[in-house]
Amino acid sequence: MFNRRHFLGAALGGGTVLGASGLLPAWARTATDGNLGLPTLTGTNFDLDIGEFPVRIDGRTAMAVGVNGTLPAPLIRFREGDEITLNVKNRLKSETSIHWHGLLVPFYMDGVPGVSFPGIPAGETFQYKFAVPQSGTYWYHSHSGLQEQLGHYGPMIIDPAGADPVSYDREYVLVLSDWSFEHPHRIFDKLKKSAETYSFNNRTLGDFAEDAAQQGLGDALGDRAMWGNMRMSPRDIADVTGATYTYLINGHSTADNWNAVFRPGERVRLRIINASAMSIFNFRIPGLPMSVVASDGLNVRPVETDEFQIGVAETYDVVVRPEAARAFALVAESIDRSGQAVATLGPRPGMRAEAPVMRAVPTLTMKDMGMAHGEHGMSDMDRSDSTMSGMDHSGHDMSGMDHSGHKMNGMAHEGHSMSRKPDPMSGDGAMMAHNHKTGPGVANTAMMPVSRLDEPGTGLEDVGHRVLTYADLRALEPNRDTRPPERELQIHLTSNMHRYMWSFNGVKFSEVTESIRLNEGERVRFNLVNDTMMPHPIHLHGMFFEVENGGGEHRPRKHTVIVKPGEKVAFDVSSEHVGDWAFHCHLLYHMHAGMMNVVSVIPGEAGPHAKPHHEPPENDHDMGHNQTHEGHH
Amino acid sequence: MTLKLAALTMIGLSAQPVAFAQKTEADPWSQADEVWGAEQMKPARQQVLRHHGDTTATYFQAERFELQSFDDEEVLLLDGNAWTGGDINKLWFKTELEYLPEEGEFEEAELQALWSRAISPYWDFQAGVRQDFEPESRTHIVAGFQGLAPYLFETDAAAFLSTEGDLTARVEAEYELLLTQRLILQPRIEAGFSAQDIPELETGAGLTGIDAGLRLRYEIRRTFAPYIGIEWQESFSDTAEMIEARGGETGKAAVIFGVRAWY
Numbered sequence: 001m002f003n004r005r006h007f008l009g010a011a012l013g014g015g016t017v018l019g020a021s022g023l024l025p026a027w028a029r030t031a032t033d034g035n036l037g038l039p040t041l042t043g044t045n046f047d048l049d050i051g052e053f054p055v056r057i058d059g060r061t062a063m064a065v066g067v068n069g070t071l072p073a074p075l076i077r078f079r080e081g082d083e084i085t086l087n088v089k090n091r092l093k094s095e096t097s098i099h100w101h102g103l104l105v106p107f108y109m110d111g112v113p114g115v116s117f118p119g120i121p122a123g124e125t126f127q128y129k130f131a132v133p134q135s136g137t138y139w140y141h142s143h144s145g146l147q148e149q150l151g152h153y154g155p156m157i158i159d160p161a162g163a164d165p166v167s168y169d170r171e172y173v174l175v176l177s178d179w180s181f182e183h184p185h186r187i188f189d190k191l192k193k194s195a196e197t198y199s200f201n202n203r204t205l206g207d208f209a210e211d212a213a214q215q216g217l218g219d220a221l222g223d224r225a226m227w228g229n230m231r232m233s234p235r236d237i238a239d240v241t242g243a244t245y246t247y248l249i250n251g252h253s254t255a256d257n258w259n260a261v262f263r264p265g266e267r268v269r270l271r272i273i274n275a276s277a278m279s280i281f282n283f284r285i286p287g288l289p290m291s292v293v294a295s296d297g298l299n300v301r302p303v304e305t306d307e308f309q310i311g312v313a314e315t316y317d318v319v320v321r322p323e324a325a326r327a328f329a330l331v332a333e334s335i336d337r338s339g340q341a342v343a344t345l346g347p348r349p350g351m352r353a354e355a356p357v358m359r360a361v362p363t364l365t366m367k368d369m370g371m372a373h374g375e376h377g378m379s380d381m382d383r384s385d386s387t388m389s390g391m392d393h394s395g396h397d398m399s400g401m402d403h404s405g406h407k408m409n410g411m412a413h414e415g416h417s418m419s420r421k422p423d424p425m426s427g428d429g430a431m432m433a434h435n436h437k438t439g440p441g442v443a444n445t446a447m448m449p450v451s452r453l454d455e456p457g458t459g460l461e462d463v464g465h466r467v468l469t470y471a472d473l474r475a476l477e478p479n480r481d482t483r484p485p486e487r488e489l490q491i492h493l494t495s496n497m498h499r500y501m502w503s504f505n506g507v508k509f510s511e512v513t514e515s516i517r518l519n520e521g522e523r524v525r526f527n528l529v530n531d532t533m534m535p536h537p538i539h540l541h542g543m544f545f546e547v548e549n550g551g552g553e554h555r556p557r558k559h560t561v562i563v564k565p566g567e568k569v570a571f572d573v574s575s576e577h578v579g580d581w582a583f584h585c586h587l588l589y590h591m592h593a594g595m596m597n598v599v600s601v602i603p604g605e606a607g608p609h610a611k612p613h614h615e616p617p618e619n620d621h622d623m624g625h626n627q628t629h630e631g632h633h
Numbered sequence: 001m002t003l004k005l006a007a008l009t010m011i012g013l014s015a016q017p018v019a020f021a022q023k024t025e026a027d028p029w030s031q032a033d034e035v036w037g038a039e040q041m042k043p044a045r046q047q048v049l050r051h052h053g054d055t056t057a058t059y060f061q062a063e064r065f066e067l068q069s070f071d072d073e074e075v076l077l078l079d080g081n082a083w084t085g086g087d088i089n090k091l092w093f094k095t096e097l098e099y100l101p102e103e104g105e106f107e108e109a110e111l112q113a114l115w116s117r118a119i120s121p122y123w124d125f126q127a128g129v130r131q132d133f134e135p136e137s138r139t140h141i142v143a144g145f146q147g148l149a150p151y152l153f154e155t156d157a158a159a160f161l162s163t164e165g166d167l168t169a170r171v172e173a174e175y176e177l178l179l180t181q182r183l184i185l186q187p188r189i190e191a192g193f194s195a196q197d198i199p200e201l202e203t204g205a206g207l208t209g210i211d212a213g214l215r216l217r218y219e220i221r222r223t224f225a226p227y228i229g230i231e232w233q234e235s236f237s238d239t240a241e242m243i244e245a246r247g248g249e250t251g252k253a254a255v256i257f258g259v260r261a262w263y
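The listed protein sequences correspond, in order, to chains Z and G.
Sequential numbering of the first sequence, starting at 1, is according to my numbering.
Sequential numbering of the second sequence, starting at 1, is according to my numbering.
It is possible that some hints are incorrect.
As the list claims (entries may be wrong) - Okay, the calculated bits of chain G under chain Z, using three or more residues with CB under 8 angstroms as the criterion:
1. 30-36
2. 45-57
3. 110-124
4. 173-184
Unchecked claim - Among chain Z residues calculated to face chain G with C-beta under 8 angstroms, some are:
5. 200
6. 205
7. 441
8. 593
As the list claims (entries may be wrong) - Below, computed lysine-lysine pairings styled on BS3-like, alpha-carbon distance capped at 27 angstroms:
9. 437(Z) - 192(Z)
10. 129(Z) - 89(Z)
11. 367(Z) - 437(Z)
12. 129(Z) - 93(Z)
13. 129(Z) - 42(G)
14. 42(G) - 93(Z)
15. 42(G) - 89(Z)
16. 437(Z) - 193(Z)
Simulated from the structure, these hints should not be mistaken for laboratory data.
The C-beta atom is built at its ideal place from N, Cα and C for all residues, glycine as well.
Work out the full structure: start from the sequences and follow the hints.
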């Protein structure tokens, strides 16, 4: 029977498949004049339906998983301090969840199945209720399975209760993401079988000939021998690449050309969110300087720049003031330069800015191996079958490492070489102690990690214009907690890229038997040491942390920080929010492989709202080595 | 623990390694249990742990599926791998089948079933059994190492002790030279050794033979790559003498057409 209702249904269905714009919330649709990026969902009550729906990307149709049938999910906008209710209905056949990224919610509303709540089973509705004491640009996404990769992410704006220190005439949200027509479980499966599956920027014989011509045959050979001996590739910059990804801005590929419009002279605020599964982006608008006004939702002192690297899960707000009535390209370039997404900011809708030519593929250096100091020799480093054993042969000239110079004999791997007084800069050049688990999952240890906060990030060292660094960021408001840390933790980001194993301190999340325990109110310094050759955006749920970048009482407060290869980053946590909080690398497949843990903030004597029967915890200066959990059942 | 505490006292507040994997009977965290109930949280907690690091995969690979065209004969070869398991432990199968299409029979056929355990970042220890079906039915126990040697040589070295008491060994090494991102030249060498003469298999003590090949493949996809190549096979020492005594050839070369594929 072909009745009218069926016909309508079919027509609507077809329209949904064919018209990509029909799937997009109003603010993300191709802009028409006067589109100020108005949000679709505002107020204090939100109904969110999680389901499967068709999307059309780059002319191809596929099924996405997401919220209310749009990719990205609708912008949720509400006011700071408002008590809001979000009813999340799960229409999938599997469990789902929503995590409110960067929001200071009670931990049991944080949305991580198995950590903060049981998850939302198929067919059920879960009600989130919270009020948050913050404003700015945030986002939300699934914390179940690999649903993020399938489209389960969207932006949030919390408008300040008082006056906004940032003034602007018009605003847009730019949700950067990566889309694959392969199923995420298949991507992960392939990486486990061959970690190089998506690498198509490796060094070839042609590159060797070029290097030999430039540097001489001996140096080119020596360089190949060094990397070969370490069994690593200096082009291992991203492990899921443009070979499978189509990069998106607001759900649009470059070909689909998302549009934003402006009138010359207007101040346009761009709220940029990296909602990718795996892609760190370099963001720029050629010909248009950007004033960075917020990072991870919180205001910073305005810094003018021409480009910045944005880690997965980070957000930046920038204000631009285009004077020329021409189309500008909004460019999100994947860190490994295997692809980019370009959208258009133009004086009229429907314009297409010229996409810039992709820049040369970056090549990693010894600094990315945590061996930055060319003046130091490395000898007698006996770490059996770690890559450093490869450094143990005199006679090889390793990128200017002078083996006749200072020798570091008999390096102790016990004890602590780190300065007692917290000062990340003092760690520079010092040999790093590695007291964590090693074995098949740890292929490399950074012997001399350094602070790289004043560096722009892989591939942006010599781009010929200004690039933002973490060292440039200063919180607009003075830090509320300026206490020095009472305790330090050292957490190594560890991996064996060859086996596609990722972990903290050599321990995969699946092997964790105890969370990282902090006492309520305790001021704790986290020292993150990146022993791998990739940058990792590390995210702590539930609490902002002050990144130790020399900013004194105006250190930037963030929820996610990129730790560069071979880098040591320090941040301080005030442990002010009681509960169990997920703590992980925000590269989805790294997290899935085990680069995750839980930070437990144990309530103090006053007792928190969520734990009425709680007993006071023991003082716990040794990270709970001998602490039992009886008090918390 | 006493030692650790003493050490901690001495170094005071300096940076501590975080001991994530301490043995404990308790749940690794449990604060949400009071809000949502332990009976709801416990399975969710087990699942989130398992889901982040304890996944398994199953792999099939035709490493060499090729037609070897010698002067006087053609051989169809399948050198295959399959495994299933996690990061550390895998059940690993290897097979090598040499089929003579003109004669319609197998020249060699063997299957290995191995437990493979990651023992270091780049090496697996493998042990198990090997069953030969052709040219003779024979069973061996196997022990070996497989992995990535420095300078990126894929290596597989194994020793075989047969139920007849014969000890043999095999070493394979491969290297990949990227001409372009998809056009890859792969030198491969395989050497066989025997601890004793095995006349019925025309095998002599010492180095028995070397197969050396050069394959040029084009990875249409990473998972599917046709190739062409050449292969040279030479028998040595006592093995060569036995073959010569029979009037056979001790060295031969082939042109190869094949496909490398995995799933």
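27 angstroms limit on alpha-carbon distance, applied to hinted pair residue 437(Z) and residue 193(Z): 24 angstroms, holds
Assess, step by step, whether the Cα of residue 129(Z) is no farther than 27 angstroms from the Cα of residue 93(Z), and give holds or violated. Status holds; Cα separation ~24 angstroms.
Do the numbers back the hint for residue 593(Z), that is, is its least Cβ distance to chain G under 8 angstroms? 6 angstroms, holds
When the least beta-carbon distance from residue 200(Z) to chain G is tested against 8 angstroms, hint result: Constraint on residue 200(Z) satisfied, holds at 4 angstroms.
Using 8 angstroms as the Cβ threshold, decide whether residue 205(Z) counts as touching chain G. 5 angstroms, holds
For a C-alpha distance cap of 27 angstroms, please report whether residue 367(Z) and residue 437(Z) respect it. 23 angstroms, holds
Should the hint that residue 441(Z) touches chain G count as held when the rule is a Cβ pair under 8 angstroms? 7 angstroms, holds
Please verify whether residue 129(Z) and residue 89(Z) have alpha carbons no more than 27 angstroms apart. 14 angstroms, holds
Confirm or reject the coverage of the segment 30-36 of chain G by chain Z under the rule of 3 or more residues with a beta carbon closer than 8 angstroms to the chain's beta carbons. With 7 residues close enough to chain Z, the hint holds.
Given the hinted pair residue 129(Z) and residue 42(G), is their alpha-carbon gap at most 27 angstroms? Status holds; Cα separation ~23 angstroms.
Coverage claim, chain Z over the segment 173-184 of chain G, checked by counting residues with Cβ within 8 angstroms (three needed): holds (count 6)
Between the alpha carbons of residue 42(G) and residue 93(Z), is the straight-line distance 27 angstroms or under? Holds: residue 42(G) and residue 93(Z) sit about 21 angstroms apart, inside 27 angstroms.
Checked against the numbered hints above, the structure breaks none of them.
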